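**Q** Sequence order for the protein chains is A and B.
Taking the working numbering, I'd label the letters of the first sequence as residues 1 to 167.
Taking the working numbering, I'd label the letters of the second sequence as residues 1 to 167.
These are calculated hints, taken from the structure and not from any lab test.
Just so you know, these numbers come straight off a predicted model, no measurement behind them.
Don't take every hint at face value.
Which copy is meant is left open, because identical chains are indistinguishable; a pair holds if it fits in one copy or across any two.
To be verified - BS3-like, lysine-lysine: derived pairs with alpha carbons at most 27 Å apart:
id : residue 1 : residue 2
1  : Lys81     : Lys12
2  : Lys1      : Lys147
3  : Lys70     : Lys81
There are 2 protein chains.
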Amino acid sequence: KIVKEVLFFPDKGIACPNVSCEDKNCRYSHESTCLRALVNHLKSAKKSLDVCVCVFSCHELAETLVYVSKGGVPVRVLSDKSIGDVVNSRIPDLRAKGIPVRIHNTPYLMHHKFAIVDNELLLCGSFNWTRQAVTGNNESVIVTNDKDFVERFCNEFSRLWELNSPQ
Amino acid sequence: KIVKEVLFFPDKGIACPNVSCEDKNCRYSHESTCLRALVNHLKSAKKSLDVCVCVFSCHELAETLVYVSKGGVPVRVLSDKSIGDVVNSRIPDLRAKGIPVRIHNTPYLMHHKFAIVDNELLLCGSFNWTRQAVTGNNESVIVTNDKDFVERFCNEFSRLWELNSPQ
Ligand SMILES: [Zn+2]
Ligand SMILES: [Zn+2]
Numbered sequence: 001k002i003v004k005e006v007l008f009f010p011d012k013g014i015a016c017p018n019v020s021c022e023d024k025n026c027r028y029s030h031e032s033t034c035l036r037a038l039v040n041h042l043k044s045a046k047k048s049l050d051v052c053v054c055v056f057s058c059h060e061l062a063e064t065l066v067y068v069s070k071g072g073v074p075v076r077v078l079s080d081k082s083i084g085d086v087v088n089s090r091i092p093d094l095r096a097k098g099i100p101v102r103i104h105n106t107p108y109l110m111h112h113k114f115a116i117v118d119n120e121l122l123l124c125g126s127f128n129w130t131r132q133a134v135t136g137n138n139e140s141v142i143v144t145n146d147k148d149f150v151e152r153f154c155n156e157f158s159r160l161w162e163l164n165s166p167q
Numbered sequence: 001k002i003v004k005e006v007l008f009f010p011d012k013g014i015a016c017p018n019v020s021c022e023d024k025n026c027r028y029s030h031e032s033t034c035l036r037a038l039v040n041h042l043k044s045a046k047k048s049l050d051v052c053v054c055v056f057s058c059h060e061l062a063e064t065l066v067y068v069s070k071g072g073v074p075v076r077v078l079s080d081k082s083i084g085d086v087v088n089s090r091i092p093d094l095r096a097k098g099i100p101v102r103i104h105n106t107p108y109l110m111h112h113k114f115a116i117v118d119n120e121l122l123l124c125g126s127f128n129w130t131r132q133a134v135t136g137n138n139e140s141v142i143v144t145n146d147k148d149f150v151e152r153f154c155n156e157f158s159r160l161w162e163l164n165s166p167q
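Next up, chain A with everything else stripped away, as it sits in the complex (with noise of 0.2 Å):
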């Protein structure tokens, strides 16, 4: 099955993680969103999940990957010293939950902002894993399986996963 999509964020709001919410005063959206797309997609993993984000402060994403894992799927992170530098980073969260990360050190930018599920899902684009991308920027993000494309990035994760050591 061919997948091919094109998520354009903001979303009009945050998804609600209670997918069969009935709350009347629940202050968050309950229409399709793209951050909803974009959790679907991760939490489809079932061999591994390669995350390669600039920025990653996001907290709904960052519980995604916890609940991943949890599931017994391995999950890899790699993201740049400037996270150290955003309010509310979840690097130090996913480490504490088990997670390894990998962060990008030098003068320059880690600046990918892609995931990989399975080595056969492709998402990438511009969407840092922020709260800000999802409910106020205008970004876009390719969803494809598309061999060609997935396979080149999963060269270059593997890569910059060996390129940056644990720290």
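Given the coordinates of chain A, work out where chain B with the ligands should sit on it, guided by the hints.
**A** Then chain B with the ligands, alone, in the frame of chain A:
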């Protein structure tokens, strides 16, 4: 003909603007670089060239747009107001050369980084049009002429172009 490429930056240097350069002392790179591949794609425009990029400070890419525009191809540039804070913004230059530019001005970012050649070829990824992104950062750009992707980005460009007035 199907186009499916991924450009992974950084390049080792800036591609020499002189394709047939034989200057032994030339400091530019004469290997095939991602920047050169990007420039060649942009220069292939025959009908239109639409650029939607959050930060635009790279001199070589501005020169490329001017070259395309002087060849009679309509070029449009959408960028973010944050560009005003960026050293070496190419926006005033582009306007001075007659290229229409619209600036997204809200508390949030127009954070896209894509370009569309002839409404047929999409270049999309993490790559801002800055010198640092070319020779320093780790960046990725997907190049594809798959209609399912291209059309959705054409729509997004049109939508944002209409939303933001010329200033
Ligand atoms: Zn709810
Ligand atoms: Zn030269």
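**Q** Determine which of the earlier numbered hints do not hold for this structure and return their numbers in increasing order.
**A** none
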